[in-house]
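Asks: Sequence:
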Amino acid sequence: MADLPTTAEPARARLSPRKKQQVSRGVQYVVLVAALVAVVLYADWSSLAQNFAKPDVAGEALPDLFTVALRNTIIYSVGGFVFSFLLGLLLALMRLSQVRPYRWIAIVYIEIFRGLPALLIFLMITFLPLALPGFQVPFGTYGQGILGLGLVGAAYQAEVFRAGLQAVPKGQTEAARSLGMSATRAQVTVVIPQAIRMVIPPTTNQFVALLKDSSLVLFLGVSGEYVELAKFGNDLASQYANATPIMVAGVTYLIVTIPLGYLASRLEGRKGRNR
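When the count follows my numbering, it moves up by one through the sequence shown with no breaks and lands on 279 for the last residue.
I should point out that these hints are in silico values taken from the structure, not numbers from a laboratory. One or more hints might be untrue.
Dumping the calculated SDA-like pairs for lysine to any residue here, alpha-carbon to alpha-carbon at most 25 Å [to be verified]: (1) K216 with L124; (2) K216 with S242; (3) K216 with F70; (4) K216 with F117; (5) K216 with G119; (6) K216 with R181.
So the derived label-pair ranges between C-beta atoms look like this [said to hold, decoys possible]: (7) A171 with Y33: 35 to 43 Å; (8) T193 with Q26: 40 to 48 Å; (9) V41 with K174: 29 to 37 Å; (10) A171 with R22: 34 to 42 Å; (11) A135 with V103: 27 to 35 Å; (12) M128 with V43: 36 to 44 Å; (13) G175 with L132: 43 to 51 Å; (14) M128 with V31: 44 to 52 Å; (15) E272 with A42: 33 to 41 Å; (16) I116 with V43: 23 to 31 Å; (17) P59 with I116: 41 to 49 Å; (18) Q102 with Q198: 14 to 22 Å.
Note that the coordinates shown come from a computational prediction; the quantities given were computed from them, not determined experimentally. For every residue, glycine included, the Cβ atom is placed at its ideal position computed from N, Cα and C.
Sequences are here, hints too, so could you generate the full structure?
Replies: Printed below as a string of C-alpha cells:
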C-alpha cells in the first residue's frame, strides 16, 4: 500500500505591500543615520571651520557684501529679468503669429539661445567691440550683464509665455471680438493679461534662475564697483587664501533664492487649487 503524506508543507509567509514599504523605509533610515554618523566621526571639523567658516575673514566681507556685491547682483538680475520678460513676450507672440517669417525668427532665436551655454553668450558679448567697432552697450558694464541675462532668459521665458497664451480659452478672444474689439486690442487687453497671471509661478522660477546665472557676469571681466556676489567672494577668497568668502556669498544667494523658491511653490499650489 503506497505511503500517504502525513504532513502538509506549510505555506510560505508573505509580507503585505504596506509591510514591505515599512521595511524599506526603515532600511533607508538606518542607511541615512549610518551615513550621518560616519560624516560626524570622520570629518575634520576644525579644518573645515578654519577654511570655510573663519569669522574674521567673513567679517572682512562686510559691509561691501551687501552694499556692493548683493546690490549689483540684484541690478543685473532685475534688469535681465525685465529685458527677458518683454523680449520673451514678444517672441511668444511671434511664435504664435500667423505670419510665417515671424514664427521662423522666433523659433530660430529660441532654439539657438536655449541650445547655447549661457557662458558662451557672455563671452561673445565681451567681443562685441571687436566685431562691431565703435559699438557700445548702453549703461556700460551693467548693460552688458543685463544684455547677457536677458538674451538667455528670453528664450526660456518665451516658451513659458507661449504655454500661457495657448492656455487662455479661445472663447475669451471671441467674446472680446463680439464686443467690437479689434484682434490686437483683444490680445492686449484680454488674452495677454490672463496669460501673464497664469505664468506667474514659472516666471518666478525663471527669475530665481536668472539670479543664479548672474554669477556669469564675472566672465565680462567686472571689477571694483561692478562686482556681483560670485566675483566678490572669489576675489576675497583669493586675497585671504581662504574659502570663507565664497561660503558667505553662497549663503547670501540662499537668503534671496530660498524665499523666492518658496513663493513660487506657494503660487503654484494656489494655482493648482483654483483649477
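Asks: Hint by hint, say whether it matches the structure.
Replies: Verification of the supplied hints:
The hinted pair formed by K216 and L124 meets the criterion: a straight-line CA distance of about 16 Å does not exceed 25 Å. Only pairs whose Cα atoms come within 25 Å are accepted, and K216 paired with S242 is accepted, the gap being roughly 21 Å. Taken as a hint, the K216 and F70 pair is honoured in the structure, with Cα atoms around 16 Å apart against an allowance of 25 Å. With a C-alpha separation of about 17 Å, the suggested pair K216 and F117 falls inside the 25 Å cut-off, and the hint holds.
Simply put, K216 and G119 have alpha-carbon atoms about 18 Å apart, close enough for the 25 Å limit, and the pair holds. For the suggested pair K216 and R181, the alpha carbons sit about 42 Å apart, so the restraint of at most 25 Å is broken. At about 42 Å, the beta-carbon gap between A171 and Y33 stays in the expected band of 35 to 43 Å. Distance hint for T193 and Q26: a CB-CB separation of about 57 Å, inconsistent with the stated range 40 to 48 Å.
Distance hint check for V41 and K174: the Cβ-Cβ separation is about 60 Å, which falls outside the suggested range of 29 to 37 Å. The supplied range of 34 to 42 Å is met by A171 and R22, whose beta-carbon atoms lie about 39 Å from each other. Evaluation of the 27 to 35 Å hint for A135 and V103 yields a pass: the beta carbon distance comes to about 30 Å. The given range of 36 to 44 Å is respected by M128 and V43, whose C-beta atoms sit roughly 42 Å from each other.
Under the hint 43 to 51 Å, the C-beta atoms of G175 and L132, about 46 Å apart, fit the expected range. Taking the beta carbon of each, M128 and V31 are about 51 Å apart, inside 44 to 52 Å as hinted. The beta-carbon spacing between E272 and A42, approximately 37 Å, falls within the hinted interval of 33 to 41 Å. Taking 23 to 31 Å as the suggested C-beta distance range, the pair I116 and V43 does not conform, at roughly 44 Å.
Between P59 and I116 the Cβ separation comes to about 47 Å, which falls inside the hinted range of 41 to 49 Å. The hint said 14 to 22 Å for the Cβ distance between Q102 and Q198, and at roughly 20 Å that hint holds.
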